[in-house]
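Here is how the chains run, residue by residue.
2 protein chains.
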Amino acid sequence: MLHIDTQRLLDSLQTLGQFGALPGGGVNRLALTDADQAARDWTVAQMRALDMQVQVDAIGNVIATYAGSEDLPPVMMGSHIDTVRTGGLYDGNLGVMAGLEVVRTLRQAGVRTRRPLAVAFFTNEEGARFQPDMLGSLVYVGGLPLEQALQTRAVDGPLLGEELIRIGYDGAAQVGQPAVDSYFELHIEQGPVLDQAGIQIGVVEGVQGIYWTRLTFSGKSNHAGTTPMHLRRDAGMAAMRTAAFVHDLVQRMGGGQLATVGSLELEPNLVNVIAAEASMTVDLRNTDAQVLAAARAQLHAYAMQCATAHGVQLQTQVLADFAPVAFDAEMIASIERHAKQAGLSTLRLPSGAGHDAQMLARICPAAMIFVPSVDGVSHNVHEYTPPADLGRGAQVLLQAVLERANR
Amino acid sequence: MLHIDTQRLLDSLQTLGQFGALPGGGVNRLALTDADQAARDWTVAQMRALDMQVQVDAIGNVIATYAGSEDLPPVMMGSHIDTVRTGGLYDGNLGVMAGLEVVRTLRQAGVRTRRPLAVAFFTNEEGARFQPDMLGSLVYVGGLPLEQALQTRAVDGPLLGEELIRIGYDGAAQVGQPAVDSYFELHIEQGPVLDQAGIQIGVVEGVQGIYWTRLTFSGKSNHAGTTPMHLRRDAGMAAMRTAAFVHDLVQRMGGGQLATVGSLELEPNLVNVIAAEASMTVDLRNTDAQVLAAARAQLHAYAMQCATAHGVQLQTQVLADFAPVAFDAEMIASIERHAKQAGLSTLRLPSGAGHDAQMLARICPAAMIFVPSVDGVSHNVHEYTPPADLGRGAQVLLQAVLERANR
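Residue numbers (full-length UniProt numbering), protein chains in the order written: chain A, 1 to 407; chain B, 1 to 407.
Don't read these hints as lab results, they were simulated from the structure. These numbers come from a predicted model, not from an experiment. All C-beta atoms, glycine included, are put in the ideal place defined by N, C-alpha and C. Don't take each hint at face value.
Said to hold, decoys possible - One-sided and incomplete, this derived list gives chain A residues near chain B with beta-carbon spacing under 10 Å:
hint	residue
1	Asn222
2	Thr260
3	Val261
4	Val271
5	Val273
6	Asp283
As the list claims (entries may be wrong) - Under 10 Å between C-beta atoms, here's a sample of chain B residues computed to sit facing chain A:
hint	residue
7	Gly254
8	Thr281
9	Arg285
10	Asn380
Isolated chain A (complex conformation) (with noise of 0.2 Å):
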C-alpha cells in the first residue's frame, strides 16, 4: 500500500505559506496580488519538478495534468491558493499541495493510473478582492461568461483582468478545459464539529447555499448636536439596525440558518456628523434552500422598511448567490470506505463554507474530505491542523482517488 509523506506535505504548506507571510504569523495573499503571483510560480514550478503538464486558462485557473496509461479525462484534485487578508496555512492550500503530494507519491513508486490526474487551482476562491467568491471555478463550469468576470473590479481599484496580465497569468487555455472525470477536494473543516467531536475524517456530503448582499443606505450628513432626533436622516442608524434584525432573526430561526454582517462602512465616519451614507454587507447561509430564500427575504422586507423608517434611500446589491449543492453519492461513499479501512473515525457532514468543489459538481461528480481545524479556527491567522490529521486527510485522498482513477 503506498502511504504520503506527512512531513513532506507540511513542509510543502510552510513553504507556500511564506508567499504573503504576515509579520506576527499567518497570510495574507489576496488573488492576483504580487504576493499571490509568487506562490502562483512556485506551486508551477512544483508541478513541473513532477513531470506534469501545466496550462493556465484565460481566468488564470492553472491545471497540471499527470499522463495516465489511457488518454482519458483525468481525476482532478484541487481547491486555490489565495487567502484571505489574515488566513492561515490551510484553507485552500492543503487541497492544491496535498493533490500535488498525491502524484509525488505515486511517481516515487512508479505508479501510474489508468485516468490521468490533474492537480488544479482556482482564481480568487475567498473572494476578499474581487467578488463573488469562488469566481475562477464558477467561469470554469460556465456558470460566469469569461468576459464578465475579466471586467470585475478589486476592492482596491484595478480590473481582474488587468490583474491577471500584470502578474501574467491570463492564460492561452480555453476555460473549462480539459473536461474532468471527477473532483476531489480535501480541505480543512474551519468550523468546530469535527474537532469538538474528537472526529478524524469529515465525509462532506454537500454544501450550504450561500447568499450574500450589499445593502448601501444614504441619507444626509448633519451636525449631531443640533439636529433633532425626529428630523434625521441617519444612514448609518438605518444599517446598523438592519445588522441587528438580521441577527436576531437568525436566532429565532434556529437550525443552522447563519447570519454575518462582517463589513459595514460609514461616510463621513466622524464622531459629531450623522452618517450620510452607510455600505454593509450581509452573508446568509443555510442547507435547506426554502429556509435560506425566507432569511434573505425578510432581509430585504425589514432593511428597505427601515430605510423608508429613518427616512434614507437603500440600494441593493447581490454579490453572491449559489444554492445548496449535493455532493456524488458513490465518491462520498469511498471516502468514506477509505477511511474506515484506515481505521480512521469518520462523520459525514455539510460545508458550511463555500468551496470550487461546489462548483466542479455542475460538471463532474465531486466530493470533499475534511480535516479538523483546531477550535473551528478559519480566516484567521491561528488557523491549525496538526500534521498527523493533514496526513490522514491526504492519505485517504490518495486511496479515493487511486481506486476513482483506476475503475
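Once you have looked at the hints, place chain B on chain A.
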C-alpha cells in the same frame, strides 16, 4: 450709527473658503493641516492690515488686539477656522471674519472704544483631527494642561505639538493671556430651528452638555459559514446592537436628548469573516445635566451587558465630557435688545453644538449670536446662510460689542 459692510464680510468668508476648498464645493480644513496653515497665514495678514497686534500662544490660538482708549482687558470676539472633513464656508469662520469686519468698520469710521477689542481664533475646535474638540479654547481657560494637549495624537498619526511646529504656530505667548473682559461669538445655528420658524437672530442662552465616548469591542474573527451562531464572539454585532440600543433609548427619553453613532469601524471588515474588533463612537447631548448623565449611564450599562452576551471584551474611552453651560444674562439681554431695536425677529434658544464660547464662559462673561442655517444643514458642504442673515448677525455683534466695550 455704524454699519458693517455685508459684501465685504461675504468676500472675506469666500476668500477664506478657498483654503482647503473641495472640488464640488465646501471645505476640508482639518486642524493644523497645510490648508489650515494657509488659512491662518491669510487671516493673520488681515489682522495685521487692521493695525491689530497679533499674538500666537503655545497651543496655536491666535489673538489679535485692537487698542482701546484705555489699557483695560479687551472685549473679545472670535471662533475657529478649522473645519470638519466635509465642512462649509460659515461654521466658525463667520465668528472670526465678523469680528474682523467689526474692527474694520470702527477703524474706517475712526472710532476707538474705551476697552480694547480682540479677535481670536482657537485651535482644533471641530475635534475632527484631534480629540477632544474645542481643544484650543479648553487649554486657554485652563481646562486641559498644555503639555497633555500637545501630546494629543491626530487621527492620521502625528502629535498636535509636532503639527504646531510643522506649520509654524507653536507660539511664544502664554496660554490664557490676555485676560479678557468678555467674549462674543457669532455663529450659524447649525440646526433647523431659526430657519424653520423664519427668525432672523438667535439669542443663545447656553450650550448643551456634550459627552463623547469610544467603545471598542474585541472578539474573535472566524469563518462566516462554519461558525455556529452560538459559538461566535462577534465584536461587530455587539457594537451595532449597542448603537441600535442607544438610538432606541433617546427616542424613549425624548425631551431633546440626542445620540449619534457617527463613526464605526470593523476589523478585518470582510464580507465572510466575523469581525474581531469593532470601534464605535457615541455622541450624547442634552441641556439637562442630569438627564445626560442618565443616558450616559444606560449606554455604558447596556454596552457592558451586550459585550458579555456576545462573549467579547469592551474597552471604554471618554473623548469629551462637557457640562451644560449658561451664558451671561446681561450680555444675552444686550444682544436681544440690539436685535429688536434693529427691527429683527429674535428667539432665545440653547446651542446644540459645542462652541469655544462655552469654554470662555468659564473665565469671563460670554454669549453667542446665531444666524439661520438653511434647512439646518451643517458639517456638510451644502451648509448655507444667506448674505443678508450674515450681515444682520454681524450688525448685532457690532452693536453689542460697542455697548460692552464703551461701558
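Hint check:
1. Asn222: holds, 6 Å
2. Thr260: Because about 4 Å separates Thr260(A) from the closest Cβ in chain B, which is inside the 10 Å limit, the hint holds.
3. Val261: holds, 6 Å
4. Val271: holds, 4 Å
5. Val273: Val273(A) check passes; min Cβ-Cβ to chain B is 5 Å, inside 10 Å.
6. Asp283: This interface hint holds because 5 Å falls under the 10 Å limit.
7. Gly254: With a minimum Cβ separation of about 8 Å from chain A (threshold 10 Å), the hint on Gly254(B) holds.
8. Thr281: For Thr281(B), the interface hint holds, since the closest Cβ of chain A sits about 4 Å away, which is under 10 Å.
9. Arg285: It holds, given that the least Cβ distance between Arg285(B) and chain A is near 5 Å, below 10 Å.
10. Asn380: holds, 5 Å
No hint from the list above goes unmet by this structure.
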